[in-house]
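Here's the letter readout for the chains.
Number of protein chains: 2
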Amino acid sequence: MTVSAPPATLPVDSDRLWSSLMALARIGEYPDAATGLMGVNRQALTDEDAAGRRLLIGWMEDAGLTVTIDAMGNVFGRREGTDPDALPVVAGSHIDSVGTAGAFDGCLGVLGALEVVRAMNDAGVTTRRPVIVASWTEEEGVRFGTDMLGSAVATGRIPLEQAYDLRDGAGLRFGDELARIGFRGDASAHIEAPHAYVECHIEQGPILAAEGHPVGVVTGVQAISWQRITVHGRAAHAGTTPTELRVDAGLAAARIVVHVRQMVDSGEYGQLRATVGHFRTEPSLPNVVPELAEITVDLRNPDDGLMARAEADLAAFLAQLQTETPGLRIETEQTAKTPVVPFDEDVQNHIEKSAYELGFTTMRLMSGAGHDAQEMAAIAPSAMVFVRGQYDGISHNPREYSTPEDCAAGVRVLAETILGLAE
Amino acid sequence: MTVSAPPATLPVDSDRLWSSLMALARIGEYPDAATGLMGVNRQALTDEDAAGRRLLIGWMEDAGLTVTIDAMGNVFGRREGTDPDALPVVAGSHIDSVGTAGAFDGCLGVLGALEVVRAMNDAGVTTRRPVIVASWTEEEGVRFGTDMLGSAVATGRIPLEQAYDLRDGAGLRFGDELARIGFRGDASAHIEAPHAYVECHIEQGPILAAEGHPVGVVTGVQAISWQRITVHGRAAHAGTTPTELRVDAGLAAARIVVHVRQMVDSGEYGQLRATVGHFRTEPSLPNVVPELAEITVDLRNPDDGLMARAEADLAAFLAQLQTETPGLRIETEQTAKTPVVPFDEDVQNHIEKSAYELGFTTMRLMSGAGHDAQEMAAIAPSAMVFVRGQYDGISHNPREYSTPEDCAAGVRVLAETILGLAE
Numbered sequence: 383m384t385v386s387a388p389p390a391t392l393p394v395d396s397d398r399l400w401s402s403l404m405a406l407a408r409i410g411e412y413p414d415a416a417t418g419l420m421g422v423n424r425q426a427l428t429d430e431d432a433a434g435r436r437l438l439i440g441w442m443e444d445a446g447l448t449v450t451i452d453a454m455g456n457v458f459g460r461r462e463g464t465d466p467d468a469l470p471v472v473a474g475s476h477i478d479s480v481g482t483a484g485a486f487d488g489c490l491g492v493l494g495a496l497e498v499v500r501a502m503n504d505a506g507v508t509t510r511r512p513v514i515v516a517s518w519t520e521e522e523g524v525r526f527g528t529d530m531l532g533s534a535v536a537t538g539r540i541p542l543e544q545a546y547d548l549r550d551g552a553g554l555r556f557g558d559e560l561a562r563i564g565f566r567g568d569a570s571a572h573i574e575a576p577h578a579y580v581e582c583h584i585e586q587g588p589i590l591a592a593e594g595h596p597v598g599v600v601t602g603v604q605a606i607s608w609q610r611i612t613v614h615g616r617a618a619h620a621g622t623t624p625t626e627l628r629v630d631a632g633l634a635a636a637r638i639v640v641h642v643r644q645m646v647d648s649g650e651y652g653q654l655r656a657t658v659g660h661f662r663t664e665p666s667l668p669n670v671v672p673e674l675a676e677i678t679v680d681l682r683n684p685d686d687g688l689m690a691r692a693e694a695d696l697a698a699f700l701a702q703l704q705t706e707t708p709g710l711r712i713e714t715e716q717t718a719k720t721p722v723v724p725f726d727e728d729v730q731n732h733i734e735k736s737a738y739e740l741g742f743t744t745m746r747l748m749s750g751a752g753h754d755a756q757e758m759a760a761i762a763p764s765a766m767v768f769v770r771g772q773y774d775g776i777s778h779n780p781r782e783y784s785t786p787e788d789c790a791a792g793v794r795v796l797a798e799t800i801l802g803l804a805e
Numbered sequence: 383m384t385v386s387a388p389p390a391t392l393p394v395d396s397d398r399l400w401s402s403l404m405a406l407a408r409i410g411e412y413p414d415a416a417t418g419l420m421g422v423n424r425q426a427l428t429d430e431d432a433a434g435r436r437l438l439i440g441w442m443e444d445a446g447l448t449v450t451i452d453a454m455g456n457v458f459g460r461r462e463g464t465d466p467d468a469l470p471v472v473a474g475s476h477i478d479s480v481g482t483a484g485a486f487d488g489c490l491g492v493l494g495a496l497e498v499v500r501a502m503n504d505a506g507v508t509t510r511r512p513v514i515v516a517s518w519t520e521e522e523g524v525r526f527g528t529d530m531l532g533s534a535v536a537t538g539r540i541p542l543e544q545a546y547d548l549r550d551g552a553g554l555r556f557g558d559e560l561a562r563i564g565f566r567g568d569a570s571a572h573i574e575a576p577h578a579y580v581e582c583h584i585e586q587g588p589i590l591a592a593e594g595h596p597v598g599v600v601t602g603v604q605a606i607s608w609q610r611i612t613v614h615g616r617a618a619h620a621g622t623t624p625t626e627l628r629v630d631a632g633l634a635a636a637r638i639v640v641h642v643r644q645m646v647d648s649g650e651y652g653q654l655r656a657t658v659g660h661f662r663t664e665p666s667l668p669n670v671v672p673e674l675a676e677i678t679v680d681l682r683n684p685d686d687g688l689m690a691r692a693e694a695d696l697a698a699f700l701a702q703l704q705t706e707t708p709g710l711r712i713e714t715e716q717t718a719k720t721p722v723v724p725f726d727e728d729v730q731n732h733i734e735k736s737a738y739e740l741g742f743t744t745m746r747l748m749s750g751a752g753h754d755a756q757e758m759a760a761i762a763p764s765a766m767v768f769v770r771g772q773y774d775g776i777s778h779n780p781r782e783y784s785t786p787e788d789c790a791a792g793v794r795v796l797a798e799t800i801l802g803l804a805e
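First to last, the protein sequences are chains D and L. Taking my numbering, I'd label the letters of the first sequence as residues 383 to 805. Taking my numbering, I'd label the letters of the second sequence as residues 383 to 805.
Only chain D is shown next, with the shape it has when bound in the complex (with noise of 0.2 Å):
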């Protein structure tokens, strides 16, 4: 009878993980004062993010990827497979940054992606699909506008054009300034559909850490709804005009944050999560009454019907409020909205199944935020790996941090399941 050994795994280099994601979050940073610490601003298109492509292009090249830009500025590192027909593994994630960001967000799942290259390579692995490790432009919408802008310009859902001519708060045009900073590629803006999409990512929250995993699968993304309400009150003076005759927009719109908050307190909405980031009145003076207020509203929710339920419980108490105060004009602007994105079922599986063979506790959980990963499960089967963050996960922030270890066993993760796609 004969023993046979424990199957080989790929020799991911922890070390040579964390020094890349180090050497990256070099491009972009600058002191954060509010933390204290080197934080990153590497927004897309800047000559940050240009200088961020070149070492991303330089490290794939030197493990002998082929590199293609797309029109859109994605960028792809393709190692060739043994079956010339056979469908690509896509592994991925972006590089730009949100302005006030840490090392991780983005850049683990191409780092990684890329540190799987690396390793197979060191181990003379072959596969019989090819295997890409995408880079996509704008995932955190910050600069354009729209998030997963690269991700979703090359699986259709966005034409080009609309995504050339968005601007950024300059008034800068997006194709412009990917022409300016030298990413404007040949390649198709259109990917072909691959085998699989897979996509490494930290958490961004404080599950895995509560629930005491390295590595989380992830079943899919939540679903979001941002919207812009202005409201429409009456400039008047502070200190003249009685209470009585005020149709204060200032005062209509805090009424809104504190109602929605009441809506995730009530338990009505499930998981629902609300968040209004954005608050600014117009004159903006201490002693005018604001004319007008304007708010954003992200919703998010991993059930489709509580979702709905919680926008229209929404624009009630906003037709309420509009009544409650004869004057007052409440305008909603849908900015963003998807619905929950479940992941594909086998794809969960072989990531799983890595992590289990790998000796790694894990658990399935969905993710708050949105991704590439959902764009490219649109043409194809895809999922993500989630890595433990610390500090409750606090993410676009400086403070964002994931441990060598963490970071290296989710790559190693990542590893077995694109190797595992892979054949």
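No wet-lab data here; the hints were simulated from the structure. Ideal placement from N, C-alpha and C gives every residue a C-beta, glycine not left out. Some hints could be false.
[As the list claims (entries may be wrong)] Which residues of chain L face chain D? A few of them, derived with a C-beta cut under 7 Å, are:
#1 G587
#2 G621
#3 H660
#4 T705
#5 G709
#6 L710
Given chain D, put chain L in place with the hints provided.
Frame of chain D, contents of chain L only:
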């Protein structure tokens, strides 16, 4: 038996007053999108303010006044009296405006006093005391952040150098801008205490219209308290951060706004008025829980004791809010604070008697807004004439309007009051 003729009154020219108001309103005019009307934007020490000052000074000189400009840019036009030792009667207001103004706020008091002098000239009237028409610099406080600035320096409440060092939103220094527009005058920044000060001004409120009086006798200015409240929370991802882990600065600020209105509605603080005119968040992104929110709170009360109670109760609410949400920190800064300023009883009697003799019904009322008269009240007997406004007395808005008849009524009352005080 002889029947005495009714006493002659000064021949105030309603048309001349109105055409002067309309001519001044052309300087700084702009098409106002919100109202569809032409508005006025003639903020202190802008080129428009300088042009307005030059127009005024030309008119003063045409009326035979001796013009002096002090080190704060306050403009004085003096008409001599017959008694070289008599202290003058000063009448005036301001011609600077907020960014979205009408034609009347301040201008009525300056051009009204000018019309009084013109009418005296027309009637060949001499007075024992000199009469001075005053136009104060930066009454609105919208550009350099401190209202009644010119009169506050003239009367000694604010040091000249402190005023010079104030900066506008673009970082420009008050003293430099004053010199740039050519209005840093040679006269001392400190005015000699006059015999009396009287100011005609639109009411900027609905009371005279509601009570059916064209003019009012102002008994004083209510107490004013301004504070800037800064709430420090913790930035967090809108999609991934569980509600119970959030320290939402924007939500806390919204709760303050709602609470302040509840304080007003409670009736516990008498005739308290409260306004949150300014509300902003950081980083102000739809999908980030605000780490900072900044609001202004403007409190007004005709009773100093009830104002103190309102301020104390608001401070207690802020402390409670901080205690309820671990991690939340609330800072407050008092940016303005004036107690109730009672006006002089004798000057009020002069105004009331003038209105009575001219056949105008009137009433006594307190001012909700601050005025230069409250600064002058610190050094000389002072009071104000209010003129009825239309549209609920809307002000700081292009819809601000008082009829030609009501403007003339106010200026006729001003004229007889000045005449009485100057004898």
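Hint check results:
| no. | hint | verdict |
| --- | --- | --- |
| 1 | G587 | 4 Å, holds |
| 2 | G621 | 4 Å, holds |
| 3 | H660 | 5 Å, holds |
| 4 | T705 | 18 Å, violated |
| 5 | G709 | 11 Å, violated |
| 6 | L710 | 14 Å, violated |
When the structure is compared with the earlier hints, violations turn up for hints 4, 5 and 6 and for no others.
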